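Chemist: Take a look at the letters that make up each chain.
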Amino acid sequence: MIEANDVALTYSDGTKALKNVNLKIGPGELVYITGHSGSGKTSLLKLLMGIEFPSSGKLTVLGQRMKKGNDRKLRKLRRKIGPVFQEFKLIERRTALENVMIGMRILGIPPRKMKQEAMEALKKVGLEHKLHTPVEHLSWGEAQRVAIARAVVRKPALLIADEPTGNLDHNNALNILHILNSFRDEKTAVIITTHATHLIEGQDATYIRVQEGEITIEQRRVAG
Amino acid sequence: MKVFFYNLGYFILEAFRTIRFHPLSNLFSFLGTGFILFLFGLVLTGWAVGDELVGALEQEAQVSAYFADQVGEAGAKQIITKMKTLDGVWEARYVTAGEAYAKNRELLGNEAEILRLFDNNPFEAFVEIKIDLNKMDQVLSQISSMKGIEYVRDNRDILEKLKGIVDAIKLLGGVIAAAVGITTLVIISHMIRQGIYHNKEQINTLRLLGAPNSFIAFPFVMAGLLLTLLGGGLAAALIIVMMNQGYQSIGEYIMFLPLPPAQELCRFIVAIILGISAALGLVGSLFGVSSIQKEG
Numbered sequence: 000m001i002e003a004n005d006v007a008l009t010y011s012d013g014t015k016a017l018k019n020v021n022l023k024i025g026p027g028e029l030v031y032i033t034g035h036s037g038s039g040k041t042s043l044l045k046l047l048m049g050i051e052f053p054s055s056g057k058l059t060v061l062g063q064r065m066k067k068g069n070d071r072k073l074r075k076l077r078r079k080i081g082p083v084f085q086e087f088k089l090i091e092r093r094t095a096l097e098n099v100m101i102g103m104r105i106l107g108i109p110p111r112k113m114k115q116e117a118m119e120a121l122k123k124v125g126l127e128h129k130l131h132t133p134v135e136h137l138s139w140g141e142a143q144r145v146a147i148a149r150a151v152v153r154k155p156a157l158l159i160a161d162e163p164t165g166n167l168d169h170n171n172a173l174n175i176l177h178i179l180n181s182f183r184d185e186k187t188a189v190i191i192t193t194h195a196t197h198l199i200e201g202q203d204a205t206y207i208r209v210q211e212g213e214i215t216i217e218q219r220r221v222a223g
Numbered sequence: 000m001k002v003f004f005y006n007l008g009y010f011i012l013e014a015f016r017t018i019r020f021h022p023l024s025n026l027f028s029f030l031g032t033g034f035i036l037f038l039f040g041l042v043l044t045g046w047a048v049g050d051e052l053v054g055a056l057e058q059e060a061q062v063s064a065y066f067a068d069q070v071g072e073a074g075a076k077q078i079i080t081k082m083k084t085l086d087g088v089w090e091a092r093y094v095t096a097g098e099a100y101a102k103n104r105e106l107l108g109n110e111a112e113i114l115r116l117f118d119n120n121p122f123e124a125f126v127e128i129k130i131d132l133n134k135m136d137q138v139l140s141q142i143s144s145m146k147g148i149e150y151v152r153d154n155r156d157i158l159e160k161l162k163g164i165v166d167a168i169k170l171l172g173g174v175i176a177a178a179v180g181i182t183t184l185v186i187i188s189h190m191i192r193q194g195i196y197h198n199k200e201q202i203n204t205l206r207l208l209g210a211p212n213s214f215i216a217f218p219f220v221m222a223g224l225l226l227t228l229l230g231g232g233l234a235a236a237l238i239i240v241m242m243n244q245g246y247q248s249i250g251e252y253i254m255f256l257p258l259p260p261a262q263e264l265c266r267f268i269v270a271i272i273l274g275i276s277a278a279l280g281l282v283g284s285l286f287g288v289s290s291i292q293k294e295g
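These protein sequence lines map, in sequence, to chains Z and G.
For the first sequence, numbering that gives the first Met the number 0 assigns the number 0 to the initial residue and increments by one for each residue that follows.
For the second sequence, numbering that gives the first Met the number 0 assigns the number 0 to the initial residue and increments by one for each residue that follows.
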């Protein structure tokens, strides 16, 4: 599903964000990426989503070699990924339901089915009472759950969440992690970055620690 | 294609949203486009009137050919029949010596008394030929070389000036039409680019979700098309008002100016404005959304 061999990422200003990354992630795997702010967690996710490209090494995501200049293939790949961004990237002045449906529209799902599945996804994250609320009127936690619903409703092969526990209190953070984990199945791998290590201890998961651009795989358990 | 059909309603809604979320700038774009297209309509009206005038002027392009001495009336009429078959000759008419005398008498006005000094009519019969200005040289050369024709008075200077005026009117119309077209394109593409700029966060999100460029661009193209068509509608309404109120009075003030029929002209201009506004809206919008394509 994901394979990185000696991958490095250096930004145009010379900042070395990632060095010598080697990893393999398979279907159904739950992966936590931890590390301090600025350690390179988000850079790693950017590589997986094709927002950045490796400066050297070889990275393959869902069978697609990640390199610059293949926009068409990249767009196709992104349709198989469910991203939950740190700042959510919800579309303002649209309702929660419209935001969830937008991710499905791109896939060409028939309108009736799309609406039904979007409503179910919002129900699953506990927002069935906020379907028609504009997203700017939602709380932080609610907006985050809309972002999760938007990501999972597409039944992605890869669910990626960047710092979903940031800015949340202990209980809400646990709740969000629980929701994300519930979407993991034999086909969908879930990758979550967080610096709240105390929330994720002792799970059946792979833990990757990022420190100054280098990764260490601390524990590997494959679901199943 | 499936994505397009399933999302048609969404695209329309998004196009209206794009317009509604930035009402002031879109209002100015609508008014700006409307007035520019109205100007274009005025140019078209001027062009149509000019075309009528050009047609009338071209009809007045006339030369006179004089017969050799031995050619009698019957011979002259044969020459005229032959002349009428020449390419570029619209009309050829036999003018008798008596008719020529009467014409000149009228032309001379108070000075016509001088004609009394002649015992006989000093004017000869000739042929009055109306020609196509664009084929002037060819026609003059053919008429001059015809057997039985001694002399052709071509008024070349006047004909060339006439041709110059006609060409200038056509060129001016073309230049103004091009200027209006380019201005409308610039306004529309700028408006679309502004819309894209205001919505760059949304566009970026759609991109990250894997939306193709066509999916992102379509609502903007529709918004541009809609605004330009509305501008075209405004321009058409203004043209109809202008035609109803002021058109006939032009004819009353400038008597010599030949005017095309008002209703026919109005229908033609409204159809052209709406067609042009749709075409310019589409091209301008596509030009505007090209910035989406460039960003990948």
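There may be inaccurate statements among the hints.
Calculated lysine-lysine pairs in the DSSO-like style (CA-CA distance at most 27 Å, straight line) [claimed, not checked]:
1) G/K160 / Z/K75
2) G/K81 / Z/K67
3) G/K1 / Z/K79
4) Z/K79 / G/K199
5) Z/K15 / Z/K154
6) Z/K112 / Z/K123
7) Z/K154 / G/K1
8) Z/K114 / G/K129
9) Z/K88 / Z/K123
These are computed hints drawn from the structure, not numbers from a lab.
It should be emphasised that the depicted structure is a prediction, and the values quoted were computed from it without experimental measurement.
Chemist: Please go over all the hints and tell whether each is borne out by the structure.
Modeler: Each hint tested on the structure:
1. G/K160 / Z/K75: Violated, at roughly 66 Å.
2. G/K81 / Z/K67: violated, 77 Å
3. G/K1 / Z/K79: It holds: about 18 Å lies between the C-alpha atoms, which stays within 27 Å.
4. Z/K79 / G/K199: Roughly 23 Å separates the two Cα atoms, so the pair holds.
5. Z/K15 / Z/K154: violated, 34 Å
6. Z/K112 / Z/K123: Holds, at roughly 16 Å.
7. Z/K154 / G/K1: Holds, at about 19 Å.
8. Z/K114 / G/K129: Distance ~75 Å between Z/K114 and G/K129 Cα, so the pair is violated.
9. Z/K88 / Z/K123: Holds: Z/K88 and Z/K123 sit about 20 Å apart, inside 27 Å.
Consistency note: the structure conflicts with the earlier hints numbered 1, 2, 5, 8.
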